[in-house]
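In my numbering, the protein residues as written are 1 to 354.
Any given hint could be a false lead.
Unchecked claim - Under the rule of at most 20 Å between Cα atoms (straight-line distance), these lysine-lysine pairs were calculated in the PhoX-like manner:
#1 230 / 176
#2 75 / 2
#3 182 / 218
#4 58 / 75
#5 230 / 218
If you are wondering where the hints come from, they were derived from the structure by calculation, not from laboratory data. Computed from a predicted structure; not experimentally measured.
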Amino acid sequence: MKIAVFLPNWIGDAVMATPALRVIREEFSEAEIVSIQRPYVADVLDGLTLVDRSISWKSGEQLISQFRFLRQLRKERFDLAVLFPNSFRSASLAFLAGIRRRVGINRDYRRWLLTDVLTAGDRQKPHPAIDEYLRIAAVVSGRDLSESEGAPGFSRTMELAVTDKDRSRWTAFWNKQTAEFKSRPLICLNPGGAFGAAKHWPTAHFASLAQRISTELKRSVLVVCGPAEKQEALQIVAQADNPFVTSLAAEPLHLGLTKAAIQQAELLVTTDSGPRHFAAPFQVPAVTLFGPTHQMWSETFYDRSLPVQLDLDCGPCQQRVCPLGHHRCMKDLGADQVFQAVVSLLNREQQKAA
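Build out the structure end to end from the sequences listed, making use of the hints.
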């Protein structure tokens, strides 16, 4: 049997899909499981044994390239397509590729493209993405599933791996740091937010937080970043103006390096963005800054995390850009409040270890 698993397009969602991938792997242990995803999602899940191989596609390709990709899928002769994305595109690809069984949620006007259709949940009622992916896995594996159940008896534990190449990337970076920097526990800051400007925590706040963590907690601080956050990472380091604050901005940026960095951290401070989800699989405590998004959508069921969010009348609005123009949900979330959350989580971890 050959199974095509269409993975989510967002980094965090791809990580949240790993519990469902594990269910499929366990149910179809003898099958060949092939993941279909964007290239950066393949980088996120690199090193895991939940799939046998992967096929990547790029958005925005010319029409001829899309036809070639479809032809490639048809040649694979898949028996089953598992659709984690809710997009019309993913369902149409599975349909046009001639895959006989196509399992997904009834969204984006694609019901007629699916053979096994799950009822869509209420988009106005926040519910965990992890559970939605597990619902799909339950249908694929033939488990009993009532529409009222979220995750029918499955583990929600997420998985990630760090490859040898990732470790080499990390070692190359770490060896450039001073002995003093390496002598302190490491706290990572993640300012990313591909969702939109509304998730952005001000650069000055990050810089102030980094300065206080270094000065008052005697930690080294590393700002992780992707290409889109490179300039901001440099600004955070410049504004912090502290020898114990640095970033990955000068490195060849790769998600594997970010995974390896977070795995080495004592704690992660992060916006509600993709790399936030690297903490739980590596058992790294995380302080997560929420602004416009409801926490339940990306609930990780991880007991070593501490969410920080202001209680405002206007939120959470789920908008990519603040519709009121003031962006108070993130701007008014001060560095002092986040610093206190860091101290609280560190103390909680120390008490558990005692």
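ask   = Are there hints from earlier that the structure breaks, and if so, what are their numbers?
value = Hint 5 contradicted; others consistent.
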